[in-house]
Structures are given as C-alpha cells and as structure tokens.
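K.L.:
Sequence:
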Amino acid sequence: MINNHAIKFVVDTGASVNVITNTAYKALSPRPKLSPSSTSVYSYNTKEKLPILGCFSSRVRYKERTIEAQFYVVEGLRRFKRLMFGVNAAPEIFPHAMSDILHDIPGVTHFIDDIIVHGKDRAAHDASLTETLKRLTQRGVKLNKEKCLFGVNKLSFLGHTFGDRGISPEAQKIKAITSAKAPTSISELRSFLGMTQFVSRYIAHMHQSRSP
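UniProt numbering numbers the first residue of the sequence shown as 1 and each following residue consecutively.
Calculated from the structure, these hints are not laboratory results. C-beta atoms are modelled at their ideal positions from N, C-alpha and C, and glycine is treated no differently. It is possible that some hints are incorrect.
Derived DSS-like pairs (lysine-lysine); straight-line CA-CA distance at most 30 Å [as the list claims (entries may be wrong)]:
1. Lys154 / Lys134
2. Lys33 / Lys49
3. Lys134 / Lys120
4. Lys134 / Lys147
5. Lys154 / Lys142
6. Lys49 / Lys26
7. Lys120 / Lys145
8. Lys134 / Lys145
9. Lys120 / Lys142
10. Lys173 / Lys147
11. Lys173 / Lys154
12. Lys147 / Lys175
13. Lys154 / Lys175
14. Lys120 / Lys173
15. Lys120 / Lys147
16. Lys154 / Lys120
17. Lys173 / Lys145
So the derived label-pair ranges between C-beta atoms look like this [as the list claims (entries may be wrong)]:
18. Asp113 / Lys49: 30 to 38 Å
19. Lys147 / Leu193: 33 to 41 Å
20. Ala180 / Leu149: 25 to 33 Å
21. Phe111 / Leu34: 50 to 58 Å
22. Lys145 / Lys181: 37 to 45 Å
23. Gly119 / Gln197: 28 to 36 Å
24. His118 / Leu34: 57 to 65 Å
25. Gln208 / Ser156: 23 to 31 Å
26. His118 / Leu53: 50 to 58 Å
Work the whole structure out from these sequences, hints included.
P.N.:
Have a look at this one:
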C-alpha cells in the first residue's frame, strides 16, 4: 500500500531497487513528486535498459508492516509475447496453457499439442467440439488442418487405439513384438521383456507367462 493505494511493484532486495510502472505511479493520489535519478535499471529477461522517469520516497505498508522505501518509476515493464526458441521450460508451460483453456470442457483430453474430443453420443461430441474450437479461437490457438480428424469412430493415440469397442494396442506395437527375433542372451531377454511391458495391460496373468 502506497498512500492507501494497493499497487504492484517489483522488489529486488539484493540491489535495494523498487520498481513501479508509470501507469501505477499516475494512479497514486496524492502523487509523490519525482526527483531526478542517475540509477540504471535493466529488464531481467532482455537486459534492456529501462527508461527511468524519476524516483520518490514513500512509506509502504506490507503485511502489517510499515517501512520507508524508495521507488523508481519506469516507462513500462516489458515481457515476451511469444515463447522464444531454446527455452527448456516450454514443454512444461504449454500443457499448463492448454489445460487452462480446455480443463472444464466435458469429453476433452489433451497431451502436449494433441487434443481428443469424445462423447457418449454425437450430440455430446459436437457440443464439446464446438466449445473447444470456440475457446481455441478466443485464445488465438491455431490448428493444423492437415493433422485434424473429425467424426471418426477409431483413433490411434500414444500407442493405443481408442474406438467404440474399447481400447487396444496399436497394430504396429503388436507387429514389433511378434516379428522380434527370439532372445539369445540375458541383455536381449531384458530388452524383449521391456518391449512387451507396454502391452502387458492387455494380457491376462502376464507375470506368469514370463516367469522362468
């Protein structure tokens, strides 16, 4: 709280620098008088020097404490609007963004950039699909038309085949196992058992079949 106004500001305790935007500063009433400053402030992400309009001192109330602090007013804090290449956090950020968009739509499942829409009947499916496309459009998410499938009764996804008769392993997974040569060493046996582990959920008493 500054002058009984709740504002957002960035605190760097290591450098003792408190930064607020010009927009937040203009919202203060009464507005503190700015003093010239020779301090340089740089954006954390881009290392770009931010233009400082001035600084002021004020009492700040935070969590039942009142302290004296100095604030630097900058023209604006900037952030990337698009995710840069090479950011290793992208595989974690994207699923969270997709979950935020689709999490409450019935019959919608997603994994990274793959989206499945299903329903107990055609009406339920179409309602969920319409809502999904609507939200993706509102959030600016674009789909690759060549990779989209609509109105299908069977779909392969993450090595499994989903259809009106239930779930089964993909034919390619089964072919890879049946066409594999018989193991002749312990390492080859371990490799073969690891391959069959993927389809073990479809084989009753699998643990007994592979016992010595």
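K.L.:
Run every hint past the structure and note whether it holds.
P.N.:
Hint check results:
Among the hinted pairs, Lys154 with Lys134 is consistent with the structure: their alpha-carbon atoms are about 24 Å apart, no more than 30 Å. The suggested pairing of Lys33 with Lys49 holds, with an alpha-carbon distance near 23 Å, which does not exceed 30 Å. At roughly 21 Å between alpha-carbon atoms, Lys134 and Lys120 fall within 30 Å of each other, so this suggested pair holds. Of the supplied pair hints, the one linking Lys134 and Lys147 holds, its CA atoms being roughly 18 Å apart against a limit of 30 Å.
Between the alpha carbons of Lys154 and Lys142 the distance comes to roughly 24 Å, so the proposed pair stays at or under 30 Å and holds. For the hint linking Lys49 to Lys26, the alpha-carbon distance of about 22 Å falls within 30 Å, and the restraint holds. The straight-line distance between the Cα atoms of Lys120 and Lys145 is roughly 25 Å, inside the 30 Å bound, and the hint therefore holds. The straight-line distance between the Cα atoms of Lys134 and Lys145 is roughly 16 Å, inside the 30 Å bound, and the hint therefore holds.
With a C-alpha separation of about 27 Å, the suggested pair Lys120 and Lys142 falls inside the 30 Å cut-off, and the hint holds. Distance hint between Lys173 and Lys147 is fulfilled; the C-alpha atoms sit about 22 Å from each other, no more than 30 Å. Simply put, Lys173 and Lys154 have alpha-carbon atoms about 17 Å apart, close enough for the 30 Å limit, and the pair holds. Simply put, Lys147 and Lys175 have alpha-carbon atoms about 25 Å apart, close enough for the 30 Å limit, and the pair holds.
Of the pairs offered as hints, the one joining Lys154 and Lys175 holds, with about 19 Å between alpha carbons and a cut-off of 30 Å not exceeded. The straight-line distance between the Cα atoms of Lys120 and Lys173 is roughly 28 Å, inside the 30 Å bound, and the hint therefore holds. With a CA separation close to 24 Å, the supplied pair Lys120 and Lys147 stays within the 30 Å bound. As the CA atoms of Lys154 and Lys120 are separated by approximately 14 Å, the hinted pair is consistent with the 30 Å bound.
Between Lys173 and Lys145, the direct Cα distance comes to roughly 27 Å. Compliance with the 30 Å bound is thereby established for this hinted pair. Asp113 and Lys49 have their C-beta atoms about 37 Å apart, which keeps the hinted 30 to 38 Å range intact. Under the hint 33 to 41 Å, the C-beta atoms of Lys147 and Leu193, about 34 Å apart, fit the expected range. Under the hint 25 to 33 Å, the C-beta atoms of Ala180 and Leu149, about 30 Å apart, fit the expected range.
Between Phe111 and Leu34 the beta carbon distance is about 51 Å. The supplied range of 50 to 58 Å therefore holds. Evaluation of the 37 to 45 Å hint for Lys145 and Lys181 yields a pass: the beta carbon distance comes to about 42 Å. One distance hint, 28 to 36 Å for the beta-carbon pair Gly119 and Gln197, holds here, with the actual separation near 32 Å. Between His118 and Leu34, the C-beta spacing of about 59 Å keeps the proposed range 57 to 65 Å intact.
At about 29 Å, the beta-carbon gap between Gln208 and Ser156 stays in the expected band of 23 to 31 Å. Under the hint 50 to 58 Å, the C-beta atoms of His118 and Leu53, about 55 Å apart, fit the expected range.
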